[in-house]
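Given the sequences, and given the hints that come with them, work out the whole structure.
Mapping of the sequence shown onto mature numbering (1 follows the signal peptide of the UniProt record, and there is no 0): residues -25 to -1, 1 to 230, in sequence order.
By construction, these hints were calculated from the structure, which means they are not laboratory data.
Straight line, CA to CA, 20 Å or less: simulated PhoX-like cross-link-like pairs of lysine-lysine: (1) LYS85 / LYS69; (2) LYS34 / LYS69; (3) LYS85 / LYS34; (4) LYS117 / LYS196.
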Amino acid sequence: MQRKPLFRPILLALILCGLAPGARAAGEGVDLMQRSWPENGPLGTFDRAAVQRGFQVYKEVCHTCHSLNYLAFRNLAALGFSDQELQAIAAGYKVPALDDEGQPIEREAKPFDHMPAPYANPAQARAANGGGLPPDLSLIVKAREDGLDYVYSLLHGFGDPPAGHQVPEGLHYNRYFPGGNIAMPQPLTDGQVTYADGTNASLDQMAADVTQFLHFVAEPKLEERKLTGLKAGIFLVVFAGVMLAYKRKTWRDLH
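Below you can see the structure in the form of structure tokens.
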């Protein structure tokens, strides 16, 4: 009987782990928009320029309503921001603190601080948004298996509802949101921000950039994890090869 090489199942598993699932349907049978994301795949990495632009979109647009509770300013160093840039970014925000007498005050944020939420508490957030509570976006990309395509599609999905679709007062139509009605109004329009690097701020560009930034927030160790997995995979393949060679030598000596 022919013996199957031991490394084939391992190699197959490594290949399958690198296959990204296709976009799935959202809402009522509407297929999501699909885009090639540079960080996908077994060797994919974040596009630093895109993620930095995405941070600008979040800071100037999304932060009006949505928090990023898991993001500390120092985490942005992984995107290529210098210490001086991090200090300047953090200094643009105020965080609660105590003075020498224990009285509550506000101070300029430092790089070790987490980005403050736009509202002091959920009640204030609901009052400012017609009773709706804007979700924290720290893990929004991980909330769905197809989170990248979902967030990207959602930002494109606003428009007039189809005939017969009822949109209750205070809600907005979005073809990619389950049920079609969403509390958030359209957040992005062409030219809404002026990118520091001169990139044209089209709706599509901003949607792609902020989606990649939110992916970075949700998985800041993504690249490190992939590198560790690659090293482990190489080790397993080499180890399987060594064991196969040893097995063949052992059986050859016995016969």
